[in-house]
Amino acid sequence: MQFVLAVMVSLLGLSGAAIAGNTDAALSDPPVLDPQRVDRDVSAFYLGLTAGYASGGTDQFGLATPGGTFPIGELDLNGSFGGVRAGWRGVLPAKGGGDYVYGLEIGYEFGSIDDETTALISGTTVTGGSEVSDVLSIRFRNGLTNKSGSILYFVSAGYVRGDIETTNSITTGATTQSFQESDSRDGFSLSIGAEHYLNDDWSITGEYEYVQFQGEDIEFGNGFSTRSTPEYRSLRFGLTYTF
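Reading the sequence shown from the start, the letters are residues 1 to 243 in the working numbering.
Heads up, a few of these hints could be off.
Derived Cβ-Cβ restraints for the label pairs, each shown as a range [what the hints assert, rightly or not]:
id	residue 1	residue 2	range
1	Tyr210	Gly123	38 to 48 Å
2	Pro93	Gln180	17 to 27 Å
3	Ala94	Gly223	52 to 62 Å
4	Leu47	Ser122	51 to 61 Å
5	Leu47	Ala174	15 to 25 Å
6	Leu190	Asp76	13 to 23 Å
7	Ala119	Gly90	49 to 59 Å
8	Ser55	Tyr241	23 to 33 Å
9	Gly215	Gln177	22 to 32 Å
10	Tyr241	Phe140	16 to 26 Å
11	Gly206	Phe243	36 to 46 Å
12	Tyr159	Ala44	18 to 28 Å
13	Thr65	Ser112	47 to 57 Å
14	Phe140	Gly223	38 to 48 Å
Quick caveat, the hints were computed from the structure, so don't treat them as lab data.
All values reported here derive from a predicted model rather than from experimental measurement.
Cβ coordinates follow ideal geometry from the N, Cα and C atoms, glycine included.
Generate the whole structure from the sequences, applying the supplied hints.
Structural data, given as structure tokens:
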């Protein structure tokens, strides 16, 4: 009987030790965020340089005259541009191991994005043109990173304002009359792209964007007018420094 009791006490002791061991193993420290990462995310202000090329506009140039309306041709706005940008972005954890990145960006782009088209109407050569320059933008950008956080895939939408110059010339024989009207116009932009982080400070971006300015009726002052609706698509590349 004493032998049986001794065995039972021994088994209870081993069982208690096993339970204690399992309890210790089940407990684990909660994950701790990297202080450096938190500080970097909260203070994610950045500056950058951009460059790109625009093309693919489909603005139909027609000329309204006292004698009727005449289609002149299609304007395919194109040209290279450069720019600067600045912004802020924040980071939130996302499912799948990546991060959700969001923020606002202000940009300014300089360069000439333009085209002209010509038609022969009753022996008169008529030319119409459009040029976009000095584009200011405010964009909301958001997207998801890969698991390592080295690449951000993003989309953006924003407000743009640019200078638009609309031109018209009429050549009869050796005489040419030229007319032009300039104005500043609002519009919007939509884009999709990716950003690759080279290190904690530097990154490079590639982006495909669509830009559309609001349409305006342009009066040339000689009784002729046209409807101007400039738009274009562009590929933009950039180098960004994050503070």
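For each hint, the structure was consulted:
1. Checked against the hint of 38 to 48 Å, the C-beta distance between Tyr210 and Gly123 comes to roughly 39 Å, which is consistent with it.
2. The supplied range of 17 to 27 Å is broken by Pro93 and Gln180, whose beta-carbon atoms lie about 54 Å from each other.
3. Taken as a hint, the range 52 to 62 Å holds for the pair Ala94 and Gly223, whose Cβ atoms sit roughly 60 Å apart.
4. Restraint check, Leu47 to Ser122: a C-beta distance of roughly 55 Å satisfies the suggested window 51 to 61 Å.
5. Separation of Leu47 from Ala174 is about 53 Å and departs from the stated range, judged on CB atoms against 15 to 25 Å.
6. For the hinted restraint 13 to 23 Å between Leu190 and Asp76, the CB-CB distance of approximately 19 Å keeps it satisfied.
7. Between Ala119 and Gly90 the beta carbons are some 52 Å apart, a value that agrees with the proposed interval 49 to 59 Å.
8. The supplied range of 23 to 33 Å is met by Ser55 and Tyr241, whose beta-carbon atoms lie about 29 Å from each other.
9. Checking the proposed 22 to 32 Å range against Gly215 and Gln177 shows it holds: the Cβ atoms sit about 25 Å from each other.
10. The hinted range of 16 to 26 Å is satisfied by Tyr241 and Phe140, whose Cβ atoms lie roughly 21 Å apart.
11. A C-beta distance of roughly 22 Å is found between Gly206 and Phe243, which places it outside the suggested range of 36 to 46 Å.
12. Range check, Tyr159 to Ala44: about 22 Å between beta-carbon atoms, so the 18 to 28 Å window is met.
13. A beta carbon spacing of about 28 Å between Thr65 and Ser112 contradicts the range 47 to 57 Å that was offered as a hint.
14. Taking 38 to 48 Å as the suggested C-beta distance range, the pair Phe140 and Gly223 conforms, at roughly 44 Å.
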